[in-house]
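Peer 1: Protein chains in written order, with the working numbering: chain V, 3 to 87; chain D, 3 to 87.
Treat the hints with caution; some may be incorrect.
Given that identical chains are not distinguished, each listed pair holds provided it fits within a single copy or across any two copies.
[Claimed, not checked] Below, a list of computed lysine to any residue pairs in the SDA-like style, where the Cα atoms sit at most 20 Å apart: (1) Lys86 to Thr40; (2) Lys82 to Leu16; (3) Lys27 to Ile70; (4) Lys86 to Leu64; (5) Lys82 to Ile11; (6) Lys82 to Thr47; (7) Lys27 to Asn4; (8) Lys86 to Gly76; (9) Lys82 to Phe62; (10) Lys82 to Ile70; (11) Lys86 to Phe62; (12) Lys27 to Leu16; (13) Lys27 to Glu87; (14) Lys35 to Val15.
It should be emphasised that the hints constitute simulated quantities derived from the structure, not laboratory data.
Everything numeric in this text was worked out from a predicted model, so none of it was measured.
So you can see what is in the structure, the chains are spelled out below.
There are 2 protein chains.
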Amino acid sequence: MNWVTTIGIVAAVLTTSAFVPQAFKIIRMRQTKDLSLTMYIMMFTGQLCWLVYGISLGDFPLILANIIGGSLSGTILGYKLFLKE
Amino acid sequence: MNWVTTIGIVAAVLTTSAFVPQAFKIIRMRQTKDLSLTMYIMMFTGQLCWLVYGISLGDFPLILANIIGGSLSGTILGYKLFLKE
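Sequences are here, hints too, so could you generate the full structure?
Peer 2: Quick look at the structure:
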């Protein structure tokens, strides 16, 4: 595996899993006031579109990344919508 | 342009520009307490890696998306690090 592929994988892992610490912070602190609802609606919808695009092309990395990413941003969106602070 | 390409472009626009409303919310409210610092460090670093990957491959959409995305997440990271609340 050359360095270009390696940096692509590092990029994918970082941008996909970046939502994990945000989800844990919300679960721990039970505060979402400073988070933008519009951001998470756009991100979740966008990741669903990426998922449909990945399925259409049969692109496994795109499918996997957006199942994980969409689950995470969907969790944050759910807390933002329904958490009683 | 077929519907698969269209949904891919919609996906790219949504996930790239999702950080815009979050940045505006921070500038307006001057509050970042509920945002995860770790998330924005990971996202910004990941987008820089995507940018290097895109430059290595000469992939223009990847370069453009990650210049925009990295500028936005970098702005949010800067506010998170330096804003006196």
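Peer 1: Look at each hint and say if it fits the structure.
Peer 2: Verification of the supplied hints:
1. Lys86 to Thr40: Result: close within a single copy only, 18 Å intra versus 24 Å inter.
2. Lys82 to Leu16: Between. Shortest inter-copy distance 19 Å satisfies the 20 Å Cα cut-off; intra-copy 23 Å does not.
3. Lys27 to Ile70: So lysine 27 and isoleucine 70 pass the 20 Å test inside one copy only (18 Å; across, 26 Å).
4. Lys86 to Leu64: neither (34 Å within a copy, 39 Å between copies)
5. Lys82 to Ile11: Answer is neither: 30 Å inside a copy and 27 Å across each miss the 20 Å cutoff.
6. Lys82 to Thr47: For lysine 82 and threonine 47, the Cα distance is within 20 Å only inside one copy (15 Å; across copies 25 Å).
7. Lys27 to Asn4: Intra 35 Å, inter 41 Å, cutoff 20 Å: neither.
8. Lys86 to Gly76: within (17 Å within a copy, 30 Å between copies)
9. Lys82 to Phe62: neither (30 Å within a copy, 35 Å between copies)
10. Lys82 to Ile70: within (19 Å within a copy, 25 Å between copies)
11. Lys86 to Phe62: Neither way: lysine 86 and phenylalanine 62 sit 37 Å apart in one copy and 43 Å across, limit 20 Å.
12. Lys27 to Leu16: within (17 Å within a copy, 24 Å between copies)
13. Lys27 to Glu87: both (14 Å within a copy, 19 Å between copies)
14. Lys35 to Val15: neither (27 Å within a copy, 25 Å between copies)
Hint compliance for this structure: hints 4, 5, 7, 9, 11, 14 are not met, and every other hint is.
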